[in-house]
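**Student:** Each chain, letter by letter, is given below.
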Amino acid sequence: MTNPQHPFRIKLYWITWAWLLVLTVVMLFLGSAKLVPLLLVGIMAKASFIGANFMHLRFERIALVVIVVVAIIFTAAALFAGIASDGVHIRNLL
Amino acid sequence: MSETQPVHILESPWGGGVSPFGVEWQKLMMWIFIISDALLFAGFLAGYGFLRLASPSWPLQSEVFDLRLITLMTFVLISSSATMATAVGAAQHGNQKMVIRFLLLTILGGLTFLGLQAYEWSHLIAQGASLSGNPWGVPLFSASFFVITGFHGSHVLSGIIILTVTAIRTTLGRSRAEGVELAGLFWHFVDLVWVFIFTFFYLI
Numbered sequence: 001m002t003n004p005q006h007p008f009r010i011k012l013y014w015i016t017w018a019w020l021l022v023l024t025v026v027m028l029f030l031g032s033a034k035l036v037p038l039l040l041v042g043i044m045a046k047a048s049f050i051g052a053n054f055m056h057l058r059f060e061r062i063a064l065v066v067i068v069v070v071a072i073i074f075t076a077a078a079l080f081a082g083i084a085s086d087g088v089h090i091r092n093l094l
Numbered sequence: 001m002s003e004t005q006p007v008h009i010l011e012s013p014w015g016g017g018v019s020p021f022g023v024e025w026q027k028l029m030m031w032i033f034i035i036s037d038a039l040l041f042a043g044f045l046a047g048y049g050f051l052r053l054a055s056p057s058w059p060l061q062s063e064v065f066d067l068r069l070i071t072l073m074t075f076v077l078i079s080s081s082a083t084m085a086t087a088v089g090a091a092q093h094g095n096q097k098m099v100i101r102f103l104l105l106t107i108l109g110g111l112t113f114l115g116l117q118a119y120e121w122s123h124l125i126a127q128g129a130s131l132s133g134n135p136w137g138v139p140l141f142s143a144s145f146f147v148i149t150g151f152h153g154s155h156v157l158s159g160i161i162i163l164t165v166t167a168i169r170t171t172l173g174r175s176r177a178e179g180v181e182l183a184g185l186f187w188h189f190v191d192l193v194w195v196f197i198f199t200f201f202y203l204i
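Which chain is which? The protein sequence lines are V and W, in order.
Each residue of the first sequence is one higher than the last, beginning at 1 in our numbering.
Each residue of the second sequence is one higher than the last, beginning at 1 in our numbering.
Simulated from the structure, these hints should not be mistaken for laboratory data.
C-beta: ideal position from N, C-alpha, C; glycine also.
Some residues of chain W that are not near chain V, with every Cβ distance over 10 Å (derived):
no., residue
1, W121
2, S122
3, L131
4, R176
Restricting the straight-line Cα-Cα distance to at most 20 Å, the calculated cross-link-like pairs of lysine to any residue (SDA-like) are:
no., chain 1, residue 1, chain 2, residue 2
5, V, K34, W, L67
6, V, K34, V, R91
7, V, K34, W, W58
8, V, K11, V, E60
9, V, K34, W, P59
10, V, K11, V, S48
11, W, K97, V, R9
12, V, K34, V, L23
13, W, K97, W, G173
14, V, K34, W, G49
15, V, K11, V, F49
16, V, K11, W, Q96
17, W, K97, W, G179
18, V, K11, W, A177
19, V, K34, W, Y48
20, V, K34, W, F65
21, W, K27, V, L57
22, W, K27, V, V69
23, W, K27, W, F186
24, V, K11, W, N95
25, W, K27, W, L39
26, W, K97, W, T164
27, V, K34, W, Q61
28, W, K27, V, E60
29, V, K11, W, M98
30, V, K11, W, V76
31, V, K11, V, L57
32, W, K27, V, A52
33, W, K27, W, L185
So that you can see chain V by itself, here it is in the shape it has in the complex (with noise of 0.2 Å):
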């Protein structure tokens, strides 16, 4: 039952904007020290932390979830696959 003092869920809102800011900060000095796959798994980690928390996905029934992750997971895919190869034969030409 929701205490009336305390709406819904507001200590989970708080307790990841703090990870939030925690990722940031990390990601920062990845970002200083260049280390691109640590930081796309920061990307990932903070994606699924305001997309499960803040966007209530962690509470929504699972087929609305897949529908937002398989639309980007193959969004992701067909790009790598048509940028990836061609940029890497320009970045082999240079």
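The hints should help you fit chain W onto chain V, whose structure is shown.
**Tutor:** The following block gives chain W in isolation, referenced to the frame of chain V:
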């Protein structure tokens, strides 16, 4: 009495009624819109990625930008997302005053972000950056910067307008908790896009 032939009715496995995704159609449509908007930014960032790969050199972001300012902008937007989520929670609980207070805080965060972004833009433009060139050696650097941050900034502005309307409607007692949640979904999406822009454009 003549016997009537039974009419064959096509049957769907879904009996109709509640959305198969468990949310009302408004929320589903907002999610579908968000996905399509995400594709927009994915396209921009993918193009930018290709540009980086295909460029022999690229300006060092830490020399062009003040990363402390950018980090402050990130902090402001993340905090505005937290106040937005709090407003949504308050709306679901029916606390009208709290909703308005946190909507106003979110709007304030958005305006602060836009102000800082505008300051950054003017700072770069004053140094000679434009869509066609810049003093750092790679013309497309400033072009991609203005296009990507410009599109994101316009989304922030749209979000601020939506939130202002939501705040006014809440004050008049004419908004539902679901409406506040939909505005919240858009605002969180804008924050999410900034996370990607911040990392790909300013850090990597």
